[in-house]
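Read off the chains here:
Protein chains: 4
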Amino acid sequence: MAEGTHFSLQPERYQFTWGPADPLIRVRSGDLVSAQTIDAGCLDCQGRPLSANQRQDCGNTQLLESNPLVGPIWVEDSEPGDMLRIEIKRIEITRDFAWSRHFPRFGCLTCESALGELLLNEPVPDLSYHWQLDRSAGTGTLRLLRSQLQEVQIPLHPFLGSIGVAPRYGRVEPALVPGEFGGNMDCAETCEGAVLYLPVWVRGAYLSFGDVHAAQGDGEICGVALETTANVTLRIGLLKHRLADWPRVENASHLMVIGSARPLIDAVRIAHLDLLKWLVSDYGFDKWEALQLLSQVGIMRVGNVVDPNYSVVAKFPKAYLP
Amino acid sequence: MAEGTHFSLQPERYQFTWGPADPLIRVRSGDLVSAQTIDAGCLDCQGRPLSANQRQDCGNTQLLESNPLVGPIWVEDSEPGDMLRIEIKRIEITRDFAWSRHFPRFGCLTCESALGELLLNEPVPDLSYHWQLDRSAGTGTLRLLRSQLQEVQIPLHPFLGSIGVAPRYGRVEPALVPGEFGGNMDCAETCEGAVLYLPVWVRGAYLSFGDVHAAQGDGEICGVALETTANVTLRIGLLKHRLADWPRVENASHLMVIGSARPLIDAVRIAHLDLLKWLVSDYGFDKWEALQLLSQVGIMRVGNVVDPNYSVVAKFPKAYLP
Amino acid sequence: MAEGTHFSLQPERYQFTWGPADPLIRVRSGDLVSAQTIDAGCLDCQGRPLSANQRQDCGNTQLLESNPLVGPIWVEDSEPGDMLRIEIKRIEITRDFAWSRHFPRFGCLTCESALGELLLNEPVPDLSYHWQLDRSAGTGTLRLLRSQLQEVQIPLHPFLGSIGVAPRYGRVEPALVPGEFGGNMDCAETCEGAVLYLPVWVRGAYLSFGDVHAAQGDGEICGVALETTANVTLRIGLLKHRLADWPRVENASHLMVIGSARPLIDAVRIAHLDLLKWLVSDYGFDKWEALQLLSQVGIMRVGNVVDPNYSVVAKFPKAYLP
Amino acid sequence: MAEGTHFSLQPERYQFTWGPADPLIRVRSGDLVSAQTIDAGCLDCQGRPLSANQRQDCGNTQLLESNPLVGPIWVEDSEPGDMLRIEIKRIEITRDFAWSRHFPRFGCLTCESALGELLLNEPVPDLSYHWQLDRSAGTGTLRLLRSQLQEVQIPLHPFLGSIGVAPRYGRVEPALVPGEFGGNMDCAETCEGAVLYLPVWVRGAYLSFGDVHAAQGDGEICGVALETTANVTLRIGLLKHRLADWPRVENASHLMVIGSARPLIDAVRIAHLDLLKWLVSDYGFDKWEALQLLSQVGIMRVGNVVDPNYSVVAKFPKAYLP
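Protein chains in written order, with the numbering used here: chain A, 1 to 322; chain B, 1 to 322; chain C, 1 to 322; chain D, 1 to 322.
The shape of chain A in the complex, shown without the other chains (with noise of 0.2 Å):
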């Protein structure tokens, strides 16, 4: 991919939705990208709170405002059928705290739905924890009131936890939602060094990422990881004529696809499925070869149980490709 023009953007709006807008810039097959995030909860690099006209101006809809994305961004010659090709070049933290908490209705230890209340139980409290973050060192602290232990240090491995292209249909809000566009998967998978391949659905492929996680477990499963907020750059290809369904990852050691859905079982279907396709076109497996070896050999790694799909990462090791 020849070397292309660097894009440093100052977004001036954030965006709220998966799909077609008015482009926050157009880019060609090579570029680079970087941009500041912000946090899921708004807060900029030095803890501020977005202001209204920083919010994309969606006319009279109602947004959830929260993952807040920078774009979108339109790639020259983009069309449905073809792949965008994303290296993600660097994602650098740029303050020095995360939050993190328990909301009341959502995680999927407690009565939660996409959107609605589930149970008859009473909800669980609200709480909020303050992580610290040393990022030459690359940990982050949580200071523990109640526990045994006054304190915890954890290693971060941040990573974007919402990359994704206007959807097939239309456009999905809130941008909490992961699909077959990508979107809020919120899998670890998606961080400096990958290389992420995403179907194009609509011209231009409209791209936006954000929600930046210093640090997070598999399933996420309280519903909030380390939300902080990062520069991150981006090259951005385009692969013509090539057909996936869904969001597919490559890194040094193994290709992945990320299925979203809900239940839980259709995203293992999904990235599974997919995944053997993958090894069927372009490695020359037999399918049910295919299968048995992954049956074998495959790694799967639980995304998110809290987003309105569950997103499941099914892997194949590299060192079984011809």
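Since the hints were made in silico from the structure, they are not lab data. Here the structure is a predicted model, which means the values were calculated and not measured. Using N, Cα and C, we set each Cβ at its ideal position, and we do this for glycine too. Among these hints, one or two may not hold up.
FRET-style restraints, in silico, Cβ to Cβ [what the hints assert, rightly or not]:
#  : chain 1 : residue 1 : chain 2 : residue 2 : range
1  : B       : A252      : C       : S253      : 22 to 28 Å
2  : D       : G47       : A       : P322      : 52 to 58 Å
3  : C       : R135      : B       : L64       : 52 to 58 Å
4  : D       : G138      : C       : P80       : 42 to 48 Å
5  : D       : P104      : C       : S253      : 34 to 40 Å
6  : A       : T5        : D       : G138      : 46 to 52 Å
7  : D       : K240      : C       : A52       : 24 to 30 Å
8  : A       : P322      : B       : Q132      : 55 to 61 Å
9  : C       : P80       : D       : P104      : 20 to 26 Å
10 : D       : K318      : A       : A252      : 25 to 31 Å
11 : A       : R13       : B       : P322      : 36 to 42 Å
12 : A       : L321      : D       : P80       : 47 to 53 Å
Examples of chain A residues lying across from chain B (beta carbon under 8 Å, computed) [what the hints assert, rightly or not]:
#  : residue
13 : T17
14 : P20
15 : T61
16 : Y169
17 : R171
18 : R269
If you want the footprint, here are the derived chain D segments under chain A, 3+ residues with CB under 8 Å [claimed, not checked]:
#  : segment
19 : 212-218
20 : 260-266
21 : 279-286
Fit chains B, C and D to the given chain A structure using the hints.
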């Protein structure tokens, strides 16, 4: 409710999304609206397909052109927190046939998912069915070709497969989706004589409707009902400051709530929890005594198990109201 | 079916499992069996608890002493591949009250699972309800203490909450489980006048029954119906070489199959697939035409959404049979 | 734990259920047991099928003769409320091959259900795979016949697919089921070096084990791993008055809980909730702070998505314990 204006619409275009758009018409509480719906496959009352310029202009987004809707209708003075009260005055079928179909990867007994192919198995055959409608007798007739029985005649019970407002957040596409805004619930309860209450999420409400089914079994298990066209007349009322989070239906005998979600058990939960809220807030029941009574006399009907969200109707007999 | 012997049983012990055990009695095809059932909480027709020596002796296994069953009944000549044909001749309630209850972690609107506590939320309160039964009027009456309405009276429709045979493999415990053997289906369809067909999985069949509900709403959503005692009379027939994999029910108007599984959508699938098989094998329908017809005229009832497997009844109106 | 007796068993019969039965042996806390397991299809270390008299005598019940188990082992002094502490000392594969298979209606990417056929689609082909094992190199090799790659070699990581005790209530059959008693969890974590804690539900505990997998991918998605035979050595300890409701595993780096249920999200919930309980009861964590920490550092592995219950392992790194 005072007698209002009666608008008789001849739609020149149809829409394929739930959400704000240029209103087809603006009505006041009490007004009547009559309009011709076309079928889920965009055939009109003479079996002619929709022309390109009759389709909603949505700029550069991709539409799934299924379930064309009449609307949106702007309801004056409606605001978030209000409820629409819609009397379904008339659903008069306007042609002599309905079609149904078995799609290869659709329906709850095959490899379905909202947006993907879910299984390794081969898909089922794509088969079409032509039902002859006798509107005066109120019957539908299907000729069977490979069965011992050569013809089957069933009673018609026409209803609106789709009716809804703008959703809580933004826009829902494709039109196939049901949710907290109503939408493609495919529930036989939204028939002539019923009163439907829809929460208003966005100023103006943006009511739309369509997808008349001449008949349908519980669950719509093959994925397609008796798809046809109709003249529909609704009286549109506005209730200020009435809060409900899910569509409610009332007829001579029952209070009902329609919950839509995946997995199916969550649709069951949503419908019953909101029905309990209704009993408590409007009819003086204690929450637990309402649960006890609903558990012993409640009726549950499965509307659909094929759409991107499944729909379940929880019903409470009005005979047990104070 | 020839008139058989009429056995009138006074059970001295009750069992809490589905599966082979010392038969209470041995019957031939055509025989009638009458017996007194006790309620799901082991209270008899006078409200007295079961004594220790009236409990099934199961050696050193741990029993959940809920849903006591009359049985097992050995059916002479029955073998795997056969079906029992059970006419439910009579269900006569034998006392003047029924109880119901809200358990803290049971029921589909709370933190339930088959064997565990599923959520971080606090459980709901443990509440009991005493329903007065008027057997001659066929009504149940509940006094409400904290509602505007002070009393509610509902019609009774007694049915067998539990009836089944030995399961396909081994033994199913606790008795609360429904499955391919019938069991604790909690479906109102197994009432007086219905004919139930149960697959025979094990030589002798080992039929058992109990858990009479005086009334129950769809889904039994709080987890407990109007639990009472009854005199039950069944005529037990044997159909040789009739293969079905799930319980079937027939009454004057419908052919029905009861599917039991988790998640709920799988119970929906099982019931409809076996009903389609029945239409094809016994009534000359083509598989796809049967699917089309069932999709348009089928009725689905949710029996329970609270037991370790959920139960769904798929119904086909006999009016459409050849 | 004091050094105990070392029993070396040559089982003359195998069992196919979880639950009380005539003990194969009686051990005391601290004893070692070694035994030869045979494979899930009842082939021994020379590839010979089990003879009829080597099968557990279960009288007139029907068994699914899959997953033969060594056991049950009676543990002296064990009572409900205790826990077994089982050190997996050694799993030594005893033959030079393993088999795998794609069954027509089994595996999470096909029409599966615990006991039935779930879909209208045609089943997938029945295909067998023969893996050559090199025990000294610790590798398995499969010849591919229809792929570009002609052979694939993978590292072995032998583990017990099945290990468990008598269940909470009665008996669980077939042996394919995992649950609160352990059972057929198919989790790679029950390998050499791990310590498994199993709740005792019944006096004597009735420990059984078998179904060694030479290797397996996450989820065992096709339904069958590298099925083989092994010499297994366990040290069996008894912890009095230690209450846990689900199987726990500990190794050098992690505390783990294995939850088994359908749907998959319930297995996720069970595993995480019991892991939180463990952190609170044994390590001085506040419940909510434990949730926050587990949400950020927890690891989740999907053991199987093919058995009658799915199994999920929730893991907490011991590095974060006080």
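Hint check results:
1. A252/B <-> S253/C: 22 to 28 Å: The hinted range 22 to 28 Å holds for A252/B and S253/C, with Cβ atoms some 23 Å apart.
2. G47/D <-> P322/A: 52 to 58 Å: violated, 31 Å
3. R135/C <-> L64/B: 52 to 58 Å: holds, 57 Å
4. G138/D <-> P80/C: 42 to 48 Å: holds, 44 Å
5. P104/D <-> S253/C: 34 to 40 Å: Holds - the Cβ-Cβ distance for P104/D and S253/C, about 37 Å, lies within 34 to 40 Å.
6. T5/A <-> G138/D: 46 to 52 Å: holds, 51 Å
7. K240/D <-> A52/C: 24 to 30 Å: holds, 27 Å
8. P322/A <-> Q132/B: 55 to 61 Å: Cβ of P322/A to Cβ of Q132/B: about 57 Å, so the range 55 to 61 Å holds.
9. P80/C <-> P104/D: 20 to 26 Å: holds, 21 Å
10. K318/D <-> A252/A: 25 to 31 Å: Once the Cβ atoms are compared, 28 Å apart, the range 25 to 31 Å for A252/A and K318/D holds.
11. R13/A <-> P322/B: 36 to 42 Å: violated, 53 Å
12. L321/A <-> P80/D: 47 to 53 Å: holds, 51 Å
13. T17: holds, 6 Å
14. P20: holds, 5 Å
15. T61: holds, 5 Å
16. Y169: holds, 5 Å
17. R171: Constraint on R171/A satisfied, holds at 5 Å.
18. R269: It holds, given that the least Cβ distance between R269/A and chain B is near 5 Å, below 8 Å.
19. 212-218: Coverage by chain A holds for the segment 212-218 of chain D (4 residues, Cβ < 8 Å).
20. 260-266: The restraint on the segment 260-266 of chain D holds, since 3 of its residues have a Cβ under 8 Å from chain A and three suffice.
21. 279-286: Since three or more residues must qualify, the claim that chain A covers the segment 279-286 of chain D holds, with 4 doing so at under 8 Å.
Against the hints set out earlier in the document, violations occur for numbers 2, 11.
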